[in-house]
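Generate the whole structure from the sequences, applying the supplied hints.
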Amino acid sequence: MLHRTEVDGVPTLLAPGSGPMTAGLTFRVGLADEGAARIGITHLVEHLALHRHGVADYHYNGATGSVVTHFHMQGSESDIVTYLEMVCDSLANLPVQRLETEKAILRTEAAGRGGVNRMLPMWRYGAQHYGLVSYPEWGIDRLGPDDVQSWANAWFTRANAVLWISGDRVPPGLRLRLPAGTLRPVPVASTMLPATPAYFTGAGGGVVFDGIMRRHPAGSVFALMLERELFRSLRQESGLSYAASASYDPRGDGFAVVTAFADALPEKQGAVVGGFVDVLAGFRVGRITQTDLDAVRAKRDEALRHPDAHAGRLPGLAADLLTGARLRTLDQLRGQLYAVTLADVHDAALQVLGSGLLQVPPGSRADWAGFAAAPTTSTDAVPGHTYRALDGSGASLVLGADGVSIVEGECRATVRYRSCAVVHAWPDGARQLIGLDGIAVLVEPALFAAPADTTARIDRSVHPSIILPMPARRPDDIPRPSPAPTTGAFPSSTGPVPRTVGVLPPGGEFPPATGRFPPFTGLFRPAAGAFPPAAREFGA
Amino acid sequence: MLPAVPFQMPVPESEPVDLYTELRRLAADADRGNWPAVAAFLGGLRGLDDLAVACRQVEERLSDDVLQRVPATDPTWLLAQTLLGVRTVQRGWGIRGTGWARNVTRQQWAGFHEHLNRAEQILIEVTAREPRQGYAWLERMIICRGISLGHDEARRRYDRLSVHHPHAYIAGYHLIQQLQPKWGGSWEKVAEFSAELLRSAPPGSIGLLAVVAGHMERFGAADNDAEGTALLRDPKVVAQIHAVADVTVRHPAFQPGYRYHTAHDWFAMLFSLIGDHAAAAPHFRALAGRRTPLWSEYFDKPGTAYANLRDRALGASGRG
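Those protein sequence lines, which keep their order, are chains X and F.
Counted from 1, the first sequence has number 550 at position 284 by my numbering; the numbering is strictly sequential.
Counted from 1, the second sequence has number 483 at position 222 by my numbering; the numbering is strictly sequential.
Heads up, some of the hints might be wrong.
To be verified - Incomplete in silico selection of chain F near chain X, CB under 7 angstroms:
1) Gly304
2) Arg390
3) Asp413
4) Glu414
Source of the hints: derived by calculation from the structure; they are not laboratory data.
We put the CB at the ideal spot given by N, CA and C, even for glycine.
Below, the structure written as C-alpha cells:
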C-alpha cells in the first residue's frame with residue numbers, strides 16, 4: 267500500500283487515499299536548525315515560497331515545524347503539478363520584493379502561535395536547537411533578500427526533500443526543479459537540566475509535563491493511557507480539570523517526546539499539581555492494567571484502520587524518511603501495536619518520567635514530589651571588573667574578558683561570549699545577552715557606573731551575526747539610576763525573589779530581564795489538545 | 262483558660278495503651294521489634310480510625326531498621342513504608358520544633374522541609390501502589406499542611422482518602438485543622454465543612470465528631486475563655502452540638518471503637534463549657550474517671566479542669 271519512487275531525484279512516497287488527491291513536498295529543515303539570532307527564517311521562506319500561489323480556490327498550505335517544513339495541497343492532478351512546480355520555482359527565486367509584507371504577516375501570526383507546552387523546550391534545551399520553538403520569531407526583522415535566498419538554497423534542496431502523494435501515480439508531467447544539495451542531519455539534542463525529573467513555575471491555567479524516550483510503539487500507547495488516566499482522575503473522579511490530554515511525538519533523532527497537559531480552575535491549581543503528580547506516580551510504580559492497554563490499543567487500531575490512514579500518514583512518513591527512521595507499513599505498525607506489552611508501556615513510562623519536566627502554575631512547587639527545581643540562574647559569575655548599581659540596590663554588573671554577569675546576593679546570571687546565542691541591541695546602549703543555556707543578562711550601562719565603552723566591548727566580543735538591533739526605546743522607558751532601588755531583574759521561578767536592578771519593558775515586545783524568564787507573556791492558552799503545529803511532524 | 266478549683270485532685274490523662282489491653286500487647290510487640298505480630302494486628306482492624314489510633318501506639322516504638330527490613334514482596338510492605346513515612350514526618354517536626362514559625366531558624370526549616378518532602382515521596386509511592394491505603398493518605402493530609410500545599414490539595418487528599426474510608430473522624434479532624442485561620446482558612450470554611458459532614462454522613466457515623474472538634478477548636482482559638490465560651494453558647498452552636506450528639510454518642514448505630522473516650526471527652530468538655538452540666542453528666546459517667554490527652558489542647562491544667570467540670574456535672578454523690 268506504500269510505494270516508493272523518485273521524481274527528479276526527489277524520493278517520492280505514494281499511498282492510496284479515498285478522497286481528492288493530496289500531495290506535499292517536505293524538507294528537512296525547521297526551527298531547530300535556525301539558531302537563536304535567525305529564528306523565523308524558515309517560516310519566512312515558507313511564506314515567500316507560497317506567495318505566488320495566491321489563488322483562493324486551492325486547498326494549499328505550508329507548515330514550519332521543529333525539524334521539517336511541509337508544503338501541501340489538495341486538488342486535481344494538474345492543480346498539484348502547478349502548485350508543486352510553483353513552490354520549487356519560488357524557492358529557487360524567492361519573491362524578495364514581498365519580504366517586508368511577509369514579515370508583517372508573520373508578526374501578526376505570532377499572536378496566535380504556541381500551545382500550552384510552549385515554554386518547556388526553552389527550559390529543557392535553552393536557546394538552541396529544539397529549544398528555539400519557545401522563542402518569538404525575533405530573527406526576521408534583520409533578514410534581507412540575500413539571507414532568505416541563501417537559506418532557501420542551502421536547505422530546500424533535492425537531496426533534503428521528500429515528495430508524497432495520496433494516489434496511485436505521480437501526476438503526469440510533474441517536474442521538481444530544485445538545487446542538488448545534501449540531506450541534512452537533525453541537530454544533536456543536549457539538555458540544560460542538571461537533574462531530572464525537574465520542574466519550573468510557568469503561567470497559570472494548568473500543569474504541563476514532558477519527557478523523553480527512545481522512539482518505540484509503546485510510546486504512543488503510553489501517551490494514550492496517560493491521557494485516559496489524567497482525564498479519569500482529574501476530570502471524572504475529582505472534577506479539578508476540564509481538559510486533559512497527552513501526545514507522543516518523535517523528535518527526529520531516534521527519540522520521542524511525550525507531552526501531557528491538564529487545565530485547572532484558579533482555585534484548584536494546587537490540587538491539579540497534586541493530582542497530576544499522583545497520576546504520574548501510578549505509571550511509575552506500574553499501576554497499569556491490561557484492560558486499559560487493550561482499550562487504548564483498540565482506539566489506536568481503529569485509527570489505523572481508517573480508509574484514509576495510509577494517506578494521512580504520508581507527511582509523517584516523509585519526515586521519517588528525511589530523518590533516517592525506518593518506514594513501516596500500516597500492517598507492520600498494527601503488528602507492533604499488538605506486540606506492545608504492559609512491561610513495554612512501563613518501560614516507556616519510566617524513561618519519560620525519569621527525564622520529565624513539569625510546568626506548575628504560579629505559587630506552586632513540585633520539590634516535595636521529588637522534582638528538582640530547574641535552574642533559573644547561573645552557577646557562577648565571570649571573573650572581571652565589578653560595577654555596583656548606582657541605585658544602591660546591591661546588584662553588580664561584572665564585565666569580564668569572557669562574558670558578563672549580573673550578581674545580586676546569591677543569585678548570578680552569566681552569559682559567556684563563546685556560548686552567547688543572541689544579543690538584543692538598543693540604540694541607547696542597553697544590551698540583552700541570552701546564552702545557549704537560555705539564561706539572559708540585561709546590561710543597562712546607565713544603571714551602573716560602567717565605563718563608556720561597555721556597549722562597544724560587548725558588541726566586539728560576540729559574532730556580529732548574533733546581534734539583533736532593536737527599535738529605539740521611548741525616553742521614558744530607558745531606566746535611569748534613582749535613589750530608590752528598583753525591583754525585579756531576577757524573576758521568581760522558585761523560591762524567594764531577589765531584588766535587583768534592570769526593569770525595562772522596551773516597547774513591550776518582551777520583558778528583558780536577567781536570569782531565565784519566559785521571553786514573552788500571554789501564550790498560555792489552555793484548550794483540549796492544544797499542542798502547537800510543531801508537534802505531529804512524524805508518522806508513528 | 263478556665264481557673265482551676267483549688268484542692269482538686271488532678272485526673273491524669275490516659276493513653277490508648279492504658280485503656281485497651283490489646284493495644285498494650287501491640288505496644289509490647291512493637292518494643293520487641295516483632296513486625297509480623299504488629300502487622301497482623303493492624304491488618305485485622307476494621308476502620309481507619311481504629312487503625313490510626315493503633316498506629317500511633319507503635320510508630321515511635323518501632324525502629325526504621327525493622328520497617329526497612331520488610332521486603333517489597335511482603336504483603337505488609339505498604340504498611341511498613343507508611344509507618345516509615347510517618348516517622349520521617351515526626352523527625353522533621355522534631356527538627357522544626359512546635360513553636361511559632363517566626364522562631365524557626367533557616368537551618369531548621371531546611372531540615373523540616375527535607376524530611377517532609379522525603380516522607381511525602383515515600384507516601385506518594387504507597388498511595389500510587391495502593392490507593393486504598395487510607396493511613397498513608399491521612400499522613401499526606403498532614404504533610405500537605407506542613408509544607409503549605411494549599412487547601413485545594415488538602416481537600417483532594419481528603420477526598421482520595423474518603424473514597425475508600427468515608428467519614429473517618431480523623432480525616433475530618435485534620436481537614437478542620439487545615440481549614441482554620443491559623444492554616445490560612447477561616448471559621449466560615451470550617452462551618453461549611455461541618456455542614457457538609459452533617460448533610461452527608463449517615464447517623465451513627467464516627468466522622469460527625471469532627472464537627473464538635475471544630476467547635477472546640479473555635480473555643481481554643483478565642484482570645485480568652487469568656488469570648489470562647491460566648492461563642493459556644495450561641496444557640497445555633499448549642500443546637501448543632503446536641504444534633505451531633507444525637508447522631509453519635511446518643512445513637513444506637515454509633516460504634517466508636519478506640520475513639521470511645523475521645524467521643525465522650527468532646528461532649529463532656531463542650532456541654533460543660535456551655536454550662537449545660539446535666540448534658541455533660543452522661544459523658545463523664547461514660548468516661549468513668551478517664552480522660553484522653555485532648556484536654557491538654559484546650560486547658561492549662563487539664564487534669565484539674567476535668568475534675569472540676571466532672572464534679573460540677575455529677576455532683577459529689579454522682580461521681581462516676
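Structure-based check of all given hints:
A hinted interface residue such as F:Gly304 counts as satisfied when its beta carbon comes closer than 7 angstroms to some beta carbon of chain X; here the least separation is about 21 angstroms, so the hint is violated. Nearest Cβ of chain X to the Cβ of F:Arg390: about 5 angstroms, under the 7 angstroms cut. The hint holds. A hinted interface residue such as F:Asp413 counts as satisfied when its beta carbon comes closer than 7 angstroms to some beta carbon of chain X; here the least separation is about 4 angstroms, so the hint holds. Using the Cβ-Cβ criterion of 7 angstroms, the hint placing F:Glu414 at the interface with chain X is satisfied: the shortest such distance is roughly 4 angstroms.
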